[in-house]
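Trainee: The lines below spell out each chain.
Number of protein chains: 2
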Amino acid sequence: MAQDPEQVGKAFLEYYYNLFGSNRAALSSLYQDQSMFTFEGNKCQGAAAITAKLTSLPFNQCKITPGSMDFQPSISGGILVFVTGHVQAEGESNALKFSQVFHLMPVGTSFVVTNDMFRLNYG
Amino acid sequence: MAQDPEQVGKAFLEYYYNLFGSNRAALSSLYQDQSMFTFEGNKCQGAAAITAKLTSLPFNQCKITPGSMDFQPSISGGILVFVTGHVQAEGESNALKFSQVFHLMPVGTSFVVTNDMFRLNYG
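Note that the protein sequences, when read in sequence, are chains A and B. Counting from 1, one number per residue, gives the positions in the first sequence under full-length UniProt numbering. Counting from 1, one number per residue, gives the positions in the second sequence under full-length UniProt numbering.
Honestly, I wouldn't trust all of these hints.
Which copy? The list can't say, so a pair holds if one copy fits it or any two copies do.
What the hints assert, rightly or not - Each computed DSS-like pair below joins lysine-lysine, with the alpha-carbon atoms no more than 27 Å apart:
#1 Lys53 - Lys10
#2 Lys97 - Lys63
#3 Lys10 - Lys63
#4 Lys53 - Lys43
No wet-lab data here; the hints were simulated from the structure.
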């Protein structure tokens with residue numbers, strides 16, 4: 001894979017967090033049946049279950065502001081993406097810190113999310 | 001690979017953070033020439049460069065206390081490990097929050113770290 005991990009990863013994050021904040025159901029197409037998602041320690045697998053989880057989170061619109069973004073090619077293929085940042089739910093005055101990890105795998109000319117882990121970073 | 005990701009991952013983390021806090025040079029054997037390490041955005045590759053980086057961090061003894069630990073099998077092989085926790089350098093009264101990601105790949109009956117990304121989570 002000749003694509004630059006940083007370039008691919010940044011484009012992915014911009015796309016992903018825009019939808020995460022405005023229309024999480026639309027993230028469904030990024031996941032496949034084998035994809036895994038762990039949100040605050042709760043695991044689910046497959047695009048359908050992941051979309052159900054994403055759309056049932058206890059907030060709707062939100063704003064994600066990435067702070068650090070790290071990218072590495074994976075020896076076994078694809079790209080590892082590691083983000084720390086802030087998430088602010090609509091109507092909330094306080095932003096919460098979070099960290100998130102993605103493993104992106106190439107499919108044709110695009111990428112799918114095979115692994116996704118999200119954690120809020122409390123005090 | 002029939003091994004349970006959580007069991008393998010927890011054993012790895014206990015081993016890793018014990019050495020990270022007491023004898024970082026000994027972590028060298030966990031990395032290979034292809035291994036990548038990104039510490040606070042600074043990238044290096046290969047066991048020698050990673051060990052040099054690890055042993056040049058601006059603190060020696062420290063205590064790592066993992067908070068959350070998430071584990072997922074990677075579709076492309078191995079295990080993804082995602083940790084958030086606290087690191088407290090010897091002689092410092094304040095612990096700092098951090099997040100870290102590892103991709104572990106099986107080699108024989110053991111594992112090597114192919115990817116490692118570390119970030120402190122400042123306010």
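Trainee: Hint by hint, note whether the structure agrees.
Mentor: Evaluated hints:
no.: 1; hint: Lys53 - Lys10; result: both (24 Å within a copy, 26 Å between copies)
no.: 2; hint: Lys97 - Lys63; result: both (12 Å within a copy, 22 Å between copies)
no.: 3; hint: Lys10 - Lys63; result: within (17 Å within a copy, 33 Å between copies)
no.: 4; hint: Lys53 - Lys43; result: within (9 Å within a copy, 34 Å between copies)
Checked against the numbered hints above, the structure breaks none of them.
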